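Residue numbers (the numbering used here), protein chains in the order written: chain A, 1 to 592; chain B, 593 to 820; chain C, 821 to 1086; chain D, 1087 to 1325.
Read the hints as simulated data drawn from the structure, not as lab findings.
Remember, predicted model here, so these are calculated numbers, not experimental data.
Ideal placement from N, C-alpha and C gives every residue a C-beta, glycine not left out.
Any given hint could be a false lead.
Stated by the list, open to error - Heads up, simulated DSS-like pairs for lysine-lysine below, C-alpha to C-alpha not over 27 Å straight-line:
#, chain 1, residue 1, chain 2, residue 2
1, C, Lys1048, D, Lys1133
2, D, Lys1131, A, Lys267
3, A, Lys267, D, Lys1145
4, D, Lys1224, D, Lys1243
5, D, Lys1224, A, Lys267
6, D, Lys1224, D, Lys1303
7, D, Lys1284, D, Lys1224
8, D, Lys1303, C, Lys1081
What the hints assert, rightly or not - If you anchor each label on the Cβ, the simulated ranges turn out as follows:
#, chain 1, residue 1, chain 2, residue 2, range
9, A, Gly557, B, Gly787, 32 to 38 Å
10, A, Phe45, C, Thr867, 36 to 42 Å
11, C, Asn1004, A, Phe45, 24 to 30 Å
12, C, Asn986, A, Ala73, 46 to 52 Å
13, A, Asp576, C, Ser904, 40 to 46 Å
14, D, Lys1290, C, Asn986, 27 to 33 Å
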Amino acid sequence: MHETSASHAAHQHTAPTSFIRKHVFSLDHKVIGKQYYGLALLAVFIGMGLSWLMRLHLGWPAWPIPLLDKLSAVGAPSGVMTPEYYLSLMTMHGTIMVFFVLTNAPFAAFGNYFLPIQIGAEDMAFPRFNMMSFWTTFMAFLVMMAAFFVTDGPPISGWTAYAPLSAVGGDAGPGLKVGQTLWAISIAIFCIGSLLGALNFIATTLDLRTKGMSLARMPYCSWAWFVTSVIALLAFAVLLPACILLILDRTAGTSFFIPAGLVLSDKLQPHSGGSPLLWQHLFWFFGHPEVYIAILPSIGIVCHILPVFARKPLLGPRATVGCMIAIGFLSYMVWGHHMFVSGMNPFSATLFSVPTLFITVPATILTLLLLGSVYGAKMRFTSASLFCLGFISVFISGGISGFFLAQPSIDIYLHATYFVVAHFHFVMAVASLFGVFAGTYFWFPKMTGRMMNEALGKLHFWLTFIGVYAIFMPMHYLGLAGNVRRYSAFVDDYLIPLIPVHKFITIAALLTGAAQFIFLFNLIWSRFKGPIASENPWEATSLEWSTATPPPFDNFGGKHMVVYNGPNEYGVESRDGKDFIMQTSPEKAPAS
Amino acid sequence: MATTTLPPGAEITLDDHGSGKPPERTPRQRQVTMPGSQAQKSETGMWVAVSAIGMSFAAFTSAMIVRQDASTDWQRFQLPHVLYLNTLILLASSVTLELSRQRIAAMPDAARHAAGSAKALLANGIYWLYLTAALGLIFVLGQLLAWRNLAAQGLFLATNPSSSFFYLFTALHAVHLLGGMGGLFYVLRKLVRSGGAGETSGLSAFSIYWHFMDLLWVYLLLLLAMRM
Amino acid sequence: MGKLFAVAVIVITLISVSFFVMHTWWMPVDISTTGPAIDHQLEETMTGSGLLFLAGQLVLGLFVWQASNKNPARKIKMFPGGASPLVAAAIILVGIEILTLTFVGTKAWGAVNLAPAAADSLHIDVQAEQFAFYFRYAGPDGQFGGLHPDKIDDGSGNYFGLDPANDVAARDDVVVGSLVIPVNRPILLSLHSKDVGHSFYVPELRIQQDFVPGIEIPVHFTATQTGKFEIVCTQLCGLGHYNMKAYLQVMSEPDYEQWLKSQEGQ
Amino acid sequence: MRMKFFAALGFTVAMGSALMVFATPPPAGSGSITGKVTYTGTPMKMKPIDMSKEPSCAKQHATPITTENVATGQGNTLEWVVVYISAGDEGTTTPSQGVRYDQKGCQYLPHVLTMLAGQQLQIYNDDQTSHNIHPLAKVNQEWNKSQPPGSPPIDTKWDKPEFIAVKCNIHPWMHGYFAVLKTSHVSVTGEDGTFDIKGLAPGKYTVTAWQEQYGTKTQDVTVGAGAATANFVFTATPY
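Just chain A, same shape as in the assembly (with noise of 0.2 Å):
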């Protein structure tokens, strides 16, 4: 079935023996794959932690949270947190799921493992830069937690980091001076390591490619990450430099982001002549690009997963990776839409508010072809399955609520409600994690040699799933009534009337915080007893399915993959009798 070729069996390195490169600075992808699903882990929960906090104190903020003022005596003496540390969690929350979690668990922790292996190469193309990127990253989050430690706390200016609030120093308020520090530092590094890693991506994509393996035979999810990392090398070379400027006017009493003529705490602040929105700009610039960093992979991922299980081709793939392609272009001409109301030119609102509705043209002919790919479907219920059409459903969510923020007008009115955290939150967050969900559940077998719980799974998916519509949904009501995010708590007579909402979402928050317990559970449990998987337990075409489970080091055993088909050959009757063709099948699929 195998092009094999005996002689081939060597890798572009050897399989290291020791204990640390084999498992901490490994050069295989496939370790640092899982390093990065680790470390994307370790942060989910670090974030959703911070969530639970923050949720309880809106709901109840004279509660005392119970053991908080162990955590942090200064942030919540008696158990009630002060309204700095509050804005410290959210800063953090907000920073370490965008950049930590959605960054890394569908871009750089899947694409590492399955790019190569998609595309039928032994590694990355350049193996230790690789691992470069992983540590370079890891040290990243490092020194983003070293800013819980320090005496004023982490910073308060949002993952936004709004100059001159984040630029001015400790006068602007509580950790804004250490910590706002060791942020800049710390985004820094990891624009390094992202740099790093999507340069691999580029290259591995268009170097390595085995036999066979055009570009039209690409997987949907390797043509993600292939667009993703030209995404990301775009826009982390953008957010560097920003940080760099920003670092600077914090400890070289450069004026790049702090206008003069600023009073802070009684004090006169010896700066001049800079321009806080070019901060906005920057950031933005970076900022709106990085929404679609988060989300391509998870919508490739979902495009990858849905036809295995609905046993049918994906409609329309073609126009699918062209999608991808223009929403990778057009994320380049909106980010103005950030800042219709920052007091930037009136006239290049309606510039960039064209692109942004744009953008919603490519967007919507996904989520139409995805609902294509559903009809007529012999669909097998599975957690991977159920997780993407999960995706669909909150993607659809998340996209239209785009359809008003992307409009001037409403904006004036909705900016920087909560309407605004329910739009991001159901396109960007939850979408992007389903597609995480979904490619855990379904890579799992290939990643660990067992199969998950899918009982457990399912369980997951039901209580995530009502779970994330209670959280967010509610939030656009919110918004429409006005209600201001970023608030630590709601003492304006208006927002009074909307507490209840708010202990409504908290409870609901803590539920479906609860349930992901059961997915880490499972993924524990399944990494241990789970029952053996085989070669190719969903009967799937692309090439990690053609090799042994897990794959060895060099991914395919000594052979060479040759690619004759197209990654979406399902539903067809193929010589022995199955439903679909793999793609290293020399089995000619049939026109369709």
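For chain A, the structure is supplied; the task is to place chains B, C and D on it using the hints.
Leaving out everything else, chains B, C and D in the frame of chain A:
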């Protein structure tokens, strides 16, 4: 900036990393089985790296333009003349690099005629590479002179946005250049060890980087000359 | 399992939509002249995208319901017509929606942000600082005093940094903690910040505008109803962000004049 | 939690005024310096404070409170002037008893609090809103902490003598001072401008009067067995 801390030539080692490789599986052979090639990836990677660096400097450039327009506090100052001399030195280093590449590229041909002449070519190529590194170092030292010149005028990093950007651009460029020199020594070591065989991809990847650094400097100089 | 999913999606969708339809939580009553256009735009978008939302989720539910049919003899079905009609439909329908929204929406946006303020507007200077708004009226001389950041002294109530010792125009400036305005008269605010970024948000006015340190940003509006409303900060500005607010009091013209007199006396 | 809150509130009501000026140990000598602090010229107006932003505080003041940076009384007297022995005072020991600072009705009580370097300082929030206490120390270590309603008092002290401006960013009108001194022989003028430094042993002293807007004035005073007199006059400007 992204790749500054890493020697840009480092990836070329991966081609022949692992000595257990069977002799018949050379990068050239992979070219037959793959659309792209193993040998290609160093150059691909370098082009990608170079575009990321270019993007970063584009971001800095737009930051500078926005910052200059944002306020009236921009003070022009005379660029130190040593910069123009430095530019010539850096451009010369590109020439020496190309001379070296010519020698090394000619080696396989020469080897067919006489083994001795190939060796001489390698020695000659390496000599030009050392000269390239030396010119790079002189350039960086020259930049330091320019800094001292500015400092003597009382212009420091935080004095004025114009001086901030001057120090920023020159420092970042110098850091990239020093990183490139790290890569150059890596390539050199490989060349010496392997006797010049199969190292052309590393050298050509490095040359992409080095020429780009040249171009980048010329661009920065023009930009600074216009804005200062 | 598939049928359960279909039901769940449909139930979630219907519950979600019902709260929008019932306006259980909704925008407060508009009190500005530019607000109705924004409300109209929002209602239109709500109807259009609400239908899309409903259609998308219901179709998903329907397809999943069908796809869960376990009959082993059943064959898969391709989407009729393939991808091209879908792609074309998406481009045309969404394209038309986009162009319409942009065309109509630009008018609403323009009325707020592009149209110049009326010449006879009442000019009020607004300063945002950690964590309060202060409002300055020109006083009887109709002239605002100059601002000197080095003179700012919260302890003596000099929040704006006025220099009454040397600047006669500054001596009669009225500085208060609430924005008091006459009804039906065009108001022109100049927003400037003392320290970091802030934002001026009055839901009832349908106005939201950031304060950007270093620049002065004009905002104009006309209130059409008297009453007391809240001005809140929507740009994260530090620890007291949640409590950064002021009241907007819209008064009849005589009440306003009287209020202004009483303030000038102090 | 709630009990604690009311206890704190009750304590404040009972002790507030008593604690306002003195929290110093009993006198060691029988001599004293008394006097009056006045101004010449036209002082700044005490401006009414607009607290409408914080209704829970605004309703505690029937008439708006005013700025206190130049607090004047009838007969050109100056309130909140710290008069203390700046030289000649030997052997002051830090009392074990702390001093108390209250935030009540979005106002610092007292406006100026004197304490010894190293003396315990307890800061209470008696309001139903969060305050942040931000002492803008220059000699000592500056800090900035929030105190939500009902939280325990902030327990702290200052190591070095300094006049430290205190502000609340959440309520920008809240301004006060910590007068951290080396001596316990100190008195703060009341509305009538008078002060009374008690418990002085006979001898020669340098007395300093400090006013937050006008700075310091110094004079030498010789104290016998009874009361010596020292008056201070500051020059006021209208702006």
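Hint-by-hint comparison with the structure:
1. Under the criterion of a C-alpha separation no larger than 27 Å, the hint pairing Lys1048(C) with Lys1133(D) is consistent with the structure, at around 24 Å.
2. Between Lys1131(D) and Lys267(A) the alpha-carbon distance is near 23 Å, which keeps this suggested pair within the 27 Å criterion.
3. For the hint pairing Lys267(A) with Lys1145(D), the CA-to-CA distance comes to about 31 Å; that exceeds 27 Å, so the pair is violated.
4. Restraint check for Lys1224(D) and Lys1243(D): satisfied, since their Cα atoms lie roughly 15 Å apart, inside the 27 Å limit.
5. Pair hint Lys1224(D) plus Lys267(A) holds up; C-alpha atoms about 11 Å apart against a cutoff of 27 Å.
6. The straight-line distance between the Cα atoms of Lys1224(D) and Lys1303(D) is roughly 21 Å, inside the 27 Å bound, and the hint therefore holds.
7. At roughly 30 Å between alpha-carbon atoms, Lys1284(D) and Lys1224(D) are farther apart than 27 Å, so this suggested pair is violated.
8. Restraint check for Lys1303(D) and Lys1081(C): not satisfied, since their Cα atoms lie roughly 40 Å apart, outside the 27 Å limit.
9. The hint said 32 to 38 Å for the Cβ distance between Gly557(A) and Gly787(B), and at roughly 34 Å that hint holds.
10. For the pair Phe45(A) and Thr867(C), the supplied restraint of 36 to 42 Å holds, since their beta-carbon distance comes to about 41 Å.
11. The beta-carbon spacing between Asn1004(C) and Phe45(A), approximately 56 Å, falls outside the hinted interval of 24 to 30 Å.
12. For Asn986(C) and Ala73(A), the Cβ-Cβ distance of about 49 Å falls inside the hinted range of 46 to 52 Å, so the restraint holds.
13. At about 33 Å, the beta-carbon gap between Asp576(A) and Ser904(C) misses the expected band of 40 to 46 Å.
14. At about 43 Å, the CB distance of Lys1290(D) to Asn986(C) disagrees with the hint of 27 to 33 Å.
When each numbered hint is compared with the structure, violations occur for hints 3, 7, 8, 11, 13, 14.
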